[in-house]
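The listed protein sequences correspond, in order, to chains A and B.
One rule links them: number in the numbering used here = place in the first sequence (from 1) + 780.
One rule links them: number in the numbering used here = place in the second sequence (from 1) + 231.
None of these hints come from the bench; they were simulated from the model.
A quick note: this is a predicted structure, and the numbers were derived from the prediction, not measured.
Backbone N, C-alpha and C fix where the C-beta goes; we use that ideal spot for every residue, glycine too.
Some clues are possibly wrong.
[Said to hold, decoys possible] Pair ranges (Cβ atoms, derived):
hint	chain 1	residue 1	chain 2	residue 2	range
1	A	I1102	B	E409	30 to 40 Å
2	A	L1159	B	R311	52 to 62 Å
3	B	R311	A	E984	45 to 55 Å
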Amino acid sequence: MRPKQQGVTSESTGPVPHTSDIGLLRLMTCGSVDDGKSTLIGRLLVDAQMAYQDHIQAQRKSSGEIDYAGLLDGLLAEREQGITIDVAYRYFASDKRKFIVADTPGHEQYTRNMATAASVSDLAVILIDAEAGLKPQTRRHAVIAHLFGIRHVVAAVNKMDKVGYDETAFRKIEAAFTSFARQCGLTSAVCLPVSALKGDNICEPSDKMTWYTGPTLLSYLENVKPQAMASANVLRFPVQWACRPDASFRGYAGTVESGDVRLGQNVVVLPSNMPAKISDIVTMDGSQDRAETGEAIMLTLDRDIDVSRGNMIVGENQLPDISDQIIVNMVWMEEEAARVGACYTFCCGPQKTIATITAIQHKVDVETLIEQPVQSLSLNDVGQGALGLATSLVIEPFAKNRMMGSFILCDKVTHRTVAAGTIRSALSRGANLHWQNMAVDAAARAQMKGQRPFCLWFTGLSGAGKSTIADLLEKKFFNMGLHTYTLDGDNVRHGLNRDLGFSDTDRMENIRRVAEVARLMVDAGLIVIVSFISPFRAERAMARDLFPPGSFYEIFVDAPFSVCEERDPKGLYKKAREGLIPNFTGLSSPYETPENPDLCLDTSVLGPLELAEQVVDKVCGDWLLNMKKDE
Amino acid sequence: MSNLPLYLRQLEAESVYILRETLACFRKPVLMYSIGKDSSVLLHLARKAFYPGPVPFPLLHVDTTWKFREMIAFRDETVRRYGLNLIIHTNEEGVEKGISPFVHGSAVYTDVMKTQALRQALDAYGFDAAIGGARRDEEASRAKERIFSVRAAGYRWDPRNQRPEFGRVFNTSLAPGETMRVFPLSNWTEKDVWAYIAAEGIDVVPLYFAQEREIVRRDGMLVLPDDERFVLKEGEVPEKMWVRFRTLGCYPLTGAMESTAQNVVEILEELQADQMSERRGRAIDHDQAGAMELKKQAGYF
Ligand SMILES: Nc1nc2c(ncn2[C@@H]2O[C@H](COP(=O)(O)OP(=O)(O)O)[C@@H](O)[C@H]2O)c(=O)[nH]1
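Please work from the sequences and hints to get the whole structure.
Structure follows, in structure tokens:
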């Protein structure tokens, strides 16, 4: 059943690229809407004979002309709306080379789509309309492409037919583009005059632009060498999977991400720092003496050491940084903005851990390249920040290694990808940078919860309505996404304070302990609601003194004694009248009305729900307002 | 080192990387084996990815009972030769109801015997990742498919809500009820597949190679009556013709093409000259505009 002819070399077959050594070229296309991107790709597909005749026929207009852009239609919804909304991949090959095109729309979500396309491309083709010149959107695309690793760009100045194939028009755009490219750090930028629609200078040189002597777009793409993606002589081999089919074999599968690996080479396994020697390079085609960057192979070591997924095999004396603090660039891809303190799953090659955003430093204005200081990153923002990692990882900056320096952040609950980014640098433990030395203090804990912690101290007679209001209030806070806890007689007397009775000293100790616990909880970042009769001014003053200024609110729940006695929800007043409860507040023991409460709730005027709202308004109104402004 | 041209080595390395990620990140992966040339390449790559270990996950073949007999023979021979773990699943309910492409039409038949059958199998075994041989160049709606493509509960595909893919860092995590489809051949074209089959000497079902076969013309398709369930309609006369198949599926729905290409080299030459899309011979794609996309949303591979 074998095909009759074996081991066919590519030379014998038309469609297979001849130049086997040049390899794939992965490119992305960008450009503002209507600059002719779809037409250009359609033209390349047709001219390179990669579009199928039945597809082409379907795109012939009544005039007989081919609607090149129509060849690229994708999903139903897009077809209906006449827009492309995502990254689409196209394939074509010339005699010399195979191309993978990541085609990105210039519409909504462009930042995210551009970043995605750039991350898999070696080169960007930027379309510029010869009539319109360099548009802001074109600049934006170039900047994003650069941020995510593109160093080579080709500007195809399109629609030359519309400017009469005029050299001056082209040179003007060329000059503008070249200076812009230099400004944003693109190391190689080439300008070509083309007409996608008419086919000038796409695959064939144009007889209408004899003034142009450079290559056609296709011939340029056929010969360009992708940028070196990794430092040539530094071995990096992230272990993807440990292969143990039986007791006698232990191999480590992965792709050589930089350098090459040789039989007998001395290596170090990270993070365990164990030295070893490469004892075999295994493939199904036989053992190899050597494997280069990009090869997916399996390594065996000369000794038994514990190696698992996420470990890294590196050359000796070529140790990378290991760190749990990194500075990153990222594009935010989620509706909910990025904020300091938020926690995500961090994936970087086979390395995986939990990352907390410890700082957001600035976002980049992709038109002006200006860095603006910000507190958070919104959908489609690109910015710089710092991440704290739960475990130390091998860190390779993006500038040194594109693959290893790329990461994503995923939501721990929805599992959506919320951000994609590139690592700028690792911070060593001693680095003198403030976010690195960030203490985990009250402020940090509060920031992580996204709230201002404080204590609401409810005081008032038994039956005044403290618990009812406190309960409603806690539900309100909960619905606002705030982290709360309520301390009251019920949950304290049975546990923490069950050794205490009702003597004056014990009552004082009871309150002291409650106040201390509340203080610890506020320090931990919580909003604490304390609901105790706390009849004495001195004990309430003592409680207040424990808290940082501004984080303690004394709230007096005001109900006349007679009303409380009438309500008597727990039957305590009755028992007290019968003399069964000694030292009953209001009867046999005094209640000292607060002189200067932060808030006085008059239960004779409003119901518990209104009173709870009053608390929210008066006590956290300003702060809530500020929260909304930040968003 | 292998003597593949560089671009094929690059495609191979990418696919091997994806296969290894799948094994490392999922609880229970399965390789969807459809017996065609793409499946043959996929299987070959899986053998390479985990060598010297065995292919570490089972193969799943959804047998509609209407596959070409040569396919089934090839499947069983392949499983035997490489010592693979093959699961064959058929929608028995569909069989009992006598669902047939001749009687019920390609749409109903495909839904019951393929889409539903696949869901049944995935449910029954609890696979969380299904590896398939689909390529992005096959059909317009696939150009935007991800390499790791999340399916919501019920295996639905939502083209508007796909995870962005950033370089080679794949988000392989799943929420409860979600499953993953994995497409290691995403970046291969039909020509790449044939060039790789030629260079690596991979076996494929002989139906891919031209030979004189007994053919019936029906609804503009060249159909090979593969068993007695094919009943000639009035006016239909089987004729001897040199044909081969460009894709393989269920014999009543898979059109042959006239060809004399008897080996891989001749196929590659023919592909260059002919320039017709691969899925043209398939009945199911012509049901309606965007047919493939709708099928995918419903969970067809
Ligand atoms: N005259 C002329 N028109 C062009 C050329 N390239 C594209 N167009 C037209 O410009 C319009 C927008 O092209 P399209 O490819 O859809 O742009 P996209 O939005 O960048 O994909 C279409 O009407 C094309 O026919 C060109 O080289 N010359």
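Hints, one by one, checked against the model:
1. I1102(A) / E409(B): 30 to 40 Å: For I1102(A) and E409(B) the Cβ distance comes to about 33 Å; the hint holds.
2. L1159(A) / R311(B): 52 to 62 Å: Since the Cβ atoms of L1159(A) and R311(B) sit about 54 Å apart, the hinted range of 52 to 62 Å holds.
3. R311(B) / E984(A): 45 to 55 Å: holds, 53 Å
The structure meets every hint from the earlier list without exception.
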